Each structure stands twice: as structure tokens, then as C-alpha cells.
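Engineer: Sequence:
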Amino acid sequence: MSGSGPGARGRRPGGGPARGEEGEGRPVALRTGAGTRAGTPRTLVLRALGLGDLLTAIPALRALRRAHPAHELVLAAPAWLAPAARAAQVADVLLPAGGTAREVPAALGWPWPPPRLAVDLHGNGTPSRDALAASAPARLLAYAESSAPAWRENEHERLRWCRLLRWYGIPADPGDLLLGGPEVPSPAPGAVVVHPGADAGARRWPAERFAQVARGLRARGDEVVLTHGPGELALAHEVAARAGLPARAVPGGASGLPFELLAALVARARAVVVGDTGVAHLASALAAPSVVLFGPVSPALWGPPPHPRHQSLWRPSPGEGPRPGDPHGARPDPRLLRLHPADVLDACARLEDPAPRPPGEACPPGRDPGEASTGTTGTRGAREGGGSGDVAARDAAEGTVPAGAAPTAGREGGAP
Numbered sequence: 002m003s004g005s006g007p008g009a010r011g012r013r014p015g016g017g018p019a020r021g022e023e024g025e026g027r028p029v030a031l032r033t034g035a036g037t038r039a040g041t042p043r044t045l046v047l048r049a050l051g052l053g054d055l056l057t058a059i060p061a062l063r064a065l066r067r068a069h070p071a072h073e074l075v076l077a078a079p080a081w082l083a084p085a086a087r088a089a090q091v092a093d094v095l096l097p098a099g100g101t102a103r104e105v106p107a108a109l110g111w112p113w114p115p116p117r118l119a120v121d122l123h124g125n126g127t128p129s130r131d132a133l134a135a136s137a138p139a140r141l142l143a144y145a146e147s148s149a150p151a152w153r154e155n156e157h158e159r160l161r162w163c164r165l166l167r168w169y170g171i172p173a174d175p176g177d178l179l180l181g182g183p184e185v186p187s188p189a190p191g192a193v194v195v196h197p198g199a200d201a202g203a204r205r206w207p208a209e210r211f212a213q214v215a216r217g218l219r220a221r222g223d224e225v226v227l228t229h230g231p232g233e234l235a236l237a238h239e240v241a242a243r244a245g246l247p248a249r250a251v252p253g254g255a256s257g258l259p260f261e262l263l264a265a266l267v268a269r270a271r272a273v274v275v276g277d278t279g280v281a282h283l284a285s286a287l288a289a290p291s292v293v294l295f296g297p298v299s300p301a302l303w304g305p306p307p308h309p310r311h312q313s314l315w316r317p318s319p320g321e322g323p324r325p326g327d328p329h330g331a332r333p334d335p336r337l338l339r340l341h342p343a344d345v346l347d348a349c350a351r352l353e354d355p356a357p358r359p360p361g362e363a364c365p366p367g368r369d370p371g372e373a374s375t376g377t378t379g380t381r382g383a384r385e386g387g388g389s390g391d392v393a394a395r396d397a398a399e400g401t402v403p404a405g406a407a408p409t410a411g412r413e414g415g416a417p
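Counting along the sequence shown from 1, when you hit position 261 you're at 262 in this note's numbering, and nothing is skipped either side.
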């Protein structure tokens, strides 16, 4: 999951500087000289959420770049996201911002003359709109504005923000989400990456089940690497111990791998096994084959794009809508617990046939580069297209949800 009316990730899933380490409240230049030129027109975008929220906003951010190429794009987001924002090339400056418990920042500390444009990609309430309005922009685009389109609670996150921009006359393609390949080598090319953590217990599959998956993958001859974010090192080592993996299978320190290494590891992975958290969105953005486990919220709202390289696993009860559980709950969601290690291993096996990747992208060991996709690429990334994904993924691509889904009131924040 990642950002919209209902919440995304509160914690970074791994890598990047510790919170506040880069920037410490000061603007962070994401390219040389950015933020220093007097008279430069600027666009301010608020997305003060997590890694997955940033990645699902890439199509909208790219659309704003194309619409205003002479503007510096200033992204108001947590300071620790600077490496990810720099890699995505969707902003020129990061303005450190982020409330506690996913609250809207009380103030943005805008240090320049008023922006020409401000855009609320944070939520659908007045707090985020008012935080942007305090910078006195010449124009403000937000769902909370009276001129805006209606907020749709049950809408996929990428579609939500592209629809807002299109309403205001800015062309935006929700499929424009892919990142370029990392420049650093992978610490374990061709490995299966297993990420057992999640920001909330409701989206955290039991450690023993992740361990069973890791054991099964290892028995098939796969190298398994366990990634983690802040506060998840003990969990990763627990899974490694239960699976009989050596300590070196858990790379990185207490906060996990730096973002550049995490991205390289994911990009060159044979597969990524992960819950509904930021690393799942990173796999989508890097065109890495993935198996994503869902519980309280449907993949129709937060899942990967429809493509054979992505498998979304979700088992709701008959008649349940797309938001049947509490994504911020402390205990594993019942729908998540209906998934078993055999389900995940079967999904991994379905990824064993080479999955098409965007042209020009390096394929991981064991894959034939000649089987890359014939789609088109752009200077800042390729468009992620159709494919034969599961029903939930097709629903997500069309901006629809299962029949009988009851909408709920939107709120500020990211992900459900």
C-alpha cells in the first residue's frame, strides 16, 4: 500500500538514510544547483508519506514535470526519502516534511517566493490543502478544492492522482511508473528477495510462514536474501534462523540496506516475496517479478500493475469489499492468514518462466534478454502495460473494484 485518502506506509521498508539524517529540515537538492537560482518558477507537491507512496505517485509527478518543464519541482516529503526521490528523477528538491503517525505536516517551511503551482498528492482533506495554501501559490490543485473532481474511495492509488491532474488539464498516464536500472551492482544477483516486515501487524505475515517459504525456495536451489527496514532486523534474523539460513542472508545494519543497494538487489532478483508494503511497490517500479501478499486491503487498490511478472495473493470472504480490514491493526488480518506457504511457493513457481521486461533493461541471471517486452520506453522510464494478471490486478488497472464494494469516508494520509 502507499498514499491517498486512506494511509500508506508509515515507515521506510529498508534503506536510505535514517529519518532526518539527510536534510535535517533544510531543502535537499536532488540535482546539482537546484533550489539556489533566484527567479526560478517552482511547483510544490505534498506527498509526506512513505516509500510506497512516493513510488505510486511517480506517474503524477512525471506528468507535472512534463506540463511545467521550466519549473523546479519541489517535493515535500520525509528527508529519508531523498535517495529514492533522486533515483526516481521526479523532483529537483526535497523539502523535508512529515507529520507523526501519518498526520499532515503542520507547516512546510517554504523558503522561496510563492510557488507558481502547488499540488496536493497527500490526501483529500483540508489539512493538506491548507498546508500548501500557506505557501501562497498562484494556483492550487487538490481534491479538497471546490473545483476538483469527486474523491473515489475505492480507486487504485496511481489512477487517483492521475485523474486529479487530468481534471485540471494535465495529461497523466498511470502506467508511467517504471524506474531506470540502478547504477550499482546487486549484492546478490539472481537471488529471491524475501521481505517479511510491514509497517503494521495487520499486513505482517507470520515469521514461521515466511521461513517455510524460504526453506522451500532454498530446497529448489534458490539463493534467498532477507531484507528489512528500521526495527525489523530481529524479525529478519528470526526468519533466517527458522529457515536454516546463514546470518549473511540478512544484509544491512539496523536500518536495512541503503536505498541504492536495496534497489539494485530488487532489480536483479529472480523474484521478490513481500507483503503489502513499500518493497512491493519498488519491485513494480523496477519490473522485478514479485509475489505480493494482501490482507486487509485488496490489490485492486494497492496492487502491482497487471502483468504476468506480478502475482497478487488475496483471499477475502465472499461478498467483502476492497477494504474489509484495518490496515493499521496490530494483529495479522484474517485474510492474510488464509494464505499458506504452499500458495506462495506455487506463485513463485509460476514466475519461473521468463517474464517480459522493458527493452534495454538488464535481465537477472537465468533469464533470456531476448524475451524482453516490445513496449516503448521514455527518457525517465517505461510505461507498464497490460498482461494477463489476476482479476484483482485487472480491476486495479481499470480503476474498478469487486461488485458490492461499499465506499467509506476518505481521510488524510496515505495507504489504507
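Please note that a few of the clues may not be correct.
What the hints assert, rightly or not - Listed next, with one range per pair, are the computed distances between beta-carbon atoms:
{"no.": "1", "residue 1": "P150", "residue 2": "A343", "range": "38 to 46 Å"}
{"no.": "2", "residue 1": "R32", "residue 2": "G254", "range": "48 to 56 Å"}
{"no.": "3", "residue 1": "E209", "residue 2": "A68", "range": "43 to 51 Å"}
Derived from the structure by calculation, the hints contain no laboratory data. Please read all numbers here as calculations on a predicted model, not as lab measurements. No residue lacks a Cβ here, since even glycine has one placed at the ideal position from N, Cα and C.
Engineer: May I ask you to test the hint 48 to 56 Å on the CB atoms belonging to R32 and G254?
Structural biologist: violated (28 Å)
Engineer: Taking the CB of E209 and the CB of A68, does the distance hold inside 43 to 51 Å?
Structural biologist: holds (49 Å)
Engineer: Given the hint of 38 to 46 Å, check if P150 and A343 actually sit that far apart at their C-beta atoms.
Structural biologist: holds (44 Å)
The structure fails hint 2 only (numbered hints given earlier).
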